[in-house]
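6 protein chains.
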Amino acid sequence: MYSLNVREHFMIAHSFKGEIFGPAQGLHGATYLVDMEMRRPKLDDDGLVVDIGLASQSLAAVLADLNFKNLDEVPEFEGKNTTTEFLAAIIFERIATLIKTGDLGPAAKGLTALKVTLHESHIAWAAFEGELTNDAS
Amino acid sequence: MYSLNVREHFMIAHSFKGEIFGPAQGLHGATYLVDMEMRRPKLDDDGLVVDIGLASQSLAAVLADLNFKNLDEVPEFEGKNTTTEFLAAIIFERIATLIKTGDLGPAAKGLTALKVTLHESHIAWAAFEGELTNDAS
Amino acid sequence: MYSLNVREHFMIAHSFKGEIFGPAQGLHGATYLVDMEMRRPKLDDDGLVVDIGLASQSLAAVLADLNFKNLDEVPEFEGKNTTTEFLAAIIFERIATLIKTGDLGPAAKGLTALKVTLHESHIAWAAFEGELTNDAS
Amino acid sequence: MYSLNVREHFMIAHSFKGEIFGPAQGLHGATYLVDMEMRRPKLDDDGLVVDIGLASQSLAAVLADLNFKNLDEVPEFEGKNTTTEFLAAIIFERIATLIKTGDLGPAAKGLTALKVTLHESHIAWAAFEGELTNDAS
Amino acid sequence: MYSLNVREHFMIAHSFKGEIFGPAQGLHGATYLVDMEMRRPKLDDDGLVVDIGLASQSLAAVLADLNFKNLDEVPEFEGKNTTTEFLAAIIFERIATLIKTGDLGPAAKGLTALKVTLHESHIAWAAFEGELTNDAS
Amino acid sequence: MYSLNVREHFMIAHSFKGEIFGPAQGLHGATYLVDMEMRRPKLDDDGLVVDIGLASQSLAAVLADLNFKNLDEVPEFEGKNTTTEFLAAIIFERIATLIKTGDLGPAAKGLTALKVTLHESHIAWAAFEGELTNDAS
Numbered sequence: 001m002y003s004l005n006v007r008e009h010f011m012i013a014h015s016f017k018g019e020i021f022g023p024a025q026g027l028h029g030a031t032y033l034v035d036m037e038m039r040r041p042k043l044d045d046d047g048l049v050v051d052i053g054l055a056s057q058s059l060a061a062v063l064a065d066l067n068f069k070n071l072d073e074v075p076e077f078e079g080k081n082t083t084t085e086f087l088a089a090i091i092f093e094r095i096a097t098l099i100k101t102g103d104l105g106p107a108a109k110g111l112t113a114l115k116v117t118l119h120e121s122h123i124a125w126a127a128f129e130g131e132l133t134n135d136a137s
Numbered sequence: 001m002y003s004l005n006v007r008e009h010f011m012i013a014h015s016f017k018g019e020i021f022g023p024a025q026g027l028h029g030a031t032y033l034v035d036m037e038m039r040r041p042k043l044d045d046d047g048l049v050v051d052i053g054l055a056s057q058s059l060a061a062v063l064a065d066l067n068f069k070n071l072d073e074v075p076e077f078e079g080k081n082t083t084t085e086f087l088a089a090i091i092f093e094r095i096a097t098l099i100k101t102g103d104l105g106p107a108a109k110g111l112t113a114l115k116v117t118l119h120e121s122h123i124a125w126a127a128f129e130g131e132l133t134n135d136a137s
Numbered sequence: 001m002y003s004l005n006v007r008e009h010f011m012i013a014h015s016f017k018g019e020i021f022g023p024a025q026g027l028h029g030a031t032y033l034v035d036m037e038m039r040r041p042k043l044d045d046d047g048l049v050v051d052i053g054l055a056s057q058s059l060a061a062v063l064a065d066l067n068f069k070n071l072d073e074v075p076e077f078e079g080k081n082t083t084t085e086f087l088a089a090i091i092f093e094r095i096a097t098l099i100k101t102g103d104l105g106p107a108a109k110g111l112t113a114l115k116v117t118l119h120e121s122h123i124a125w126a127a128f129e130g131e132l133t134n135d136a137s
Numbered sequence: 001m002y003s004l005n006v007r008e009h010f011m012i013a014h015s016f017k018g019e020i021f022g023p024a025q026g027l028h029g030a031t032y033l034v035d036m037e038m039r040r041p042k043l044d045d046d047g048l049v050v051d052i053g054l055a056s057q058s059l060a061a062v063l064a065d066l067n068f069k070n071l072d073e074v075p076e077f078e079g080k081n082t083t084t085e086f087l088a089a090i091i092f093e094r095i096a097t098l099i100k101t102g103d104l105g106p107a108a109k110g111l112t113a114l115k116v117t118l119h120e121s122h123i124a125w126a127a128f129e130g131e132l133t134n135d136a137s
Numbered sequence: 001m002y003s004l005n006v007r008e009h010f011m012i013a014h015s016f017k018g019e020i021f022g023p024a025q026g027l028h029g030a031t032y033l034v035d036m037e038m039r040r041p042k043l044d045d046d047g048l049v050v051d052i053g054l055a056s057q058s059l060a061a062v063l064a065d066l067n068f069k070n071l072d073e074v075p076e077f078e079g080k081n082t083t084t085e086f087l088a089a090i091i092f093e094r095i096a097t098l099i100k101t102g103d104l105g106p107a108a109k110g111l112t113a114l115k116v117t118l119h120e121s122h123i124a125w126a127a128f129e130g131e132l133t134n135d136a137s
Numbered sequence: 001m002y003s004l005n006v007r008e009h010f011m012i013a014h015s016f017k018g019e020i021f022g023p024a025q026g027l028h029g030a031t032y033l034v035d036m037e038m039r040r041p042k043l044d045d046d047g048l049v050v051d052i053g054l055a056s057q058s059l060a061a062v063l064a065d066l067n068f069k070n071l072d073e074v075p076e077f078e079g080k081n082t083t084t085e086f087l088a089a090i091i092f093e094r095i096a097t098l099i100k101t102g103d104l105g106p107a108a109k110g111l112t113a114l115k116v117t118l119h120e121s122h123i124a125w126a127a128f129e130g131e132l133t134n135d136a137s
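Chains as they are written, first to last, in this note's numbering: chain A, 1 to 137; chain B, 1 to 137; chain C, 1 to 137; chain D, 1 to 137; chain E, 1 to 137; chain F, 1 to 137.
Isolated chain A (complex conformation) (with noise of 0.2 Å):
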């Protein structure tokens, strides 16, 4: 299995709803270093996983919807605590949809996984991972 990662980060406002935060309920921020690792069984035609180039603007485009963003005010996180890991499978899932569209070319159809990582400190991180469906429907 070969896997390729690519690395970008964005910054962003928001807080929490619930006692188990405790501080974190105020307005704050973060910065999240993001780490999108891309997996597939063959290589394709050129030796790659994926254009490389097309992984990191197809990342940064993901990300810059997000960037210098309060997520407290963004309408599809209404009612949701915009946690690490919540924040992983959002970015997961606006990923798989630009694989299966092409934006990351026709060989990127060879994905079968993806991994979406997100550090908030050098001490916290998480991840969201899953299968990838690349056959049309």
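Because the hints were derived from the structure by calculation, they are not lab data. There may be inaccurate statements among the hints.
Straight-line distance between alpha carbons at most 25 Å, and here's what the computed BS3-like set of lysine-lysine pairs gives [said to hold, decoys possible]:
{"no.": "1", "chain 1": "C", "residue 1": "K115", "chain 2": "E", "residue 2": "K115"}
{"no.": "2", "chain 1": "C", "residue 1": "K80", "chain 2": "E", "residue 2": "K109"}
{"no.": "3", "chain 1": "C", "residue 1": "K42", "chain 2": "F", "residue 2": "K17"}
{"no.": "4", "chain 1": "C", "residue 1": "K17", "chain 2": "E", "residue 2": "K109"}
Go by the hints and put chains B, C, D, E and F onto chain A.
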């Protein structure tokens, strides 16, 4: 699959028995950076893998038991080589027990797997990982 | 010249005023890794730059005042852009005060210089450094 | 499941064929940090995944064959793009062979899986991983 | 004294002349992580050491000139060993020129010192640093 | 001013004397990552701060003397607390001596300053730095 990781460290002295260890047969020591990764297929009601505060406290509590110790004098480890991989499994077992006894909170019962990685230097690390069986007995 | 460094982090929300900041004019946030470096020409009687426990506690105390806050609502920062470099100087001043008031222990009076570095991401960081004038007045 | 990882690096020149590579079609180079992860379900009699000294030597020996080379002139790679993911698989195969021939010691026969990760920069890395079939034939 | 640092990278091929270089006399290559640190005693009116966007663009522009090149074929470096420390000084000079010509914005004229660090691996790096003389002539 | 840095590590056991050390008064240990930074205003004739191979060998030789030792039993350190900052100064002195005796090669006589940093964990490190007086006597 979701995962959450927290990092801590501890510092111990120990020695190894067996020619294969060469100069590490002498009494020496190590700083271990510890990464505790917890996995589960669905987030809890707060949008969390686990309460990160309780997770960090639990890891710190487990490590406090080893920190600033000479492992050669810990009765439990008598006759064992406390290698990095051995210690990773020890810490795995102790955290798994804390999860079962509820120290990481009731939601932590939803955890299905755990991985403990110990970094002994910038160029060497070892891990132990396994499924969690949270169904009481 | 000796130096000792301890690392902590904090997470805040803020926004910037001025066209030069582009999208960072919106309310967003950051995780800041903070490196506090203390310098002195001779070690104290215990062979230390400073009691590392007290140093970590003092840094944590200074950061607790900012952690999980929206800096746009902190009266002291009104009319200021709380850039990474600005915050480095703020934290420098607060630690310098703690050193003078003895919070880092009596031996900390031997410190002659201090540097505070704030990492806002894996690719950008800023610092403020200066001499310490510990001779009371 | 236990795992042990050792890190080394090597430095090479190469060029790529195919429009998809853009400016990387020119002769350039890379420093690759290499992480070799070995896995097994049970430790050997010394409490080890593998003799870490032999593991590091074996990895260094495999890399010495590539280090300070222009990969465009290595006959084995003729007609291939020596991408990061391609090289990860090459190094995987060479280490797997050394394990079979006993270069990592007799206990290394207990290894069941191997992963080789090559970091080409602080923001991009690739890996190849697979099962090991140590039962001779 | 304030400082601001931004990080980028580039990838090149080169060879060295002189027995002291051993196997590095062959054509090989490197990934260089580049840290550009800019220093000044007072912040500008926006609370900045320098516009971080312009700084990153300027560094990227300087590195684009070297990226994906075989340095043995760059006329300017003929007869020189393009060692890590030599390249650090080259990049320092080019950025210093951009600061003088105003590419980092008018406020960058307040910069008084610059340091360029090139990391060639996780275990070796080199730097060149010096004062900036911004008074035009 | 040019600088070159190489990194190595060593692992030791020790204990501290004095109430200020709390639980670190017990026999424990540490992994120390060691950064050796050498400085000079001009490169040598090969375009180098120093032969990086000799520098790494010299650092490794100095560390081999401490590696896998219980520092409490090293006669030279009797009555001393072998703190991170103390050890940084010890290693500084030993390397400075090697430079004077020519172990880093004749060109190393051009070095004017040296800094030795010891990282005891991912959140704490200490250093000793000073001028080098290479004019024999």
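Here is how each hint holds up against the structure:
{"no.": "1", "hint": "K115(C) x K115(E)", "result": "holds (17 Å)"}
{"no.": "2", "hint": "K80(C) x K109(E)", "result": "holds (22 Å)"}
{"no.": "3", "hint": "K42(C) x K17(F)", "result": "holds (19 Å)"}
{"no.": "4", "hint": "K17(C) x K109(E)", "result": "holds (22 Å)"}
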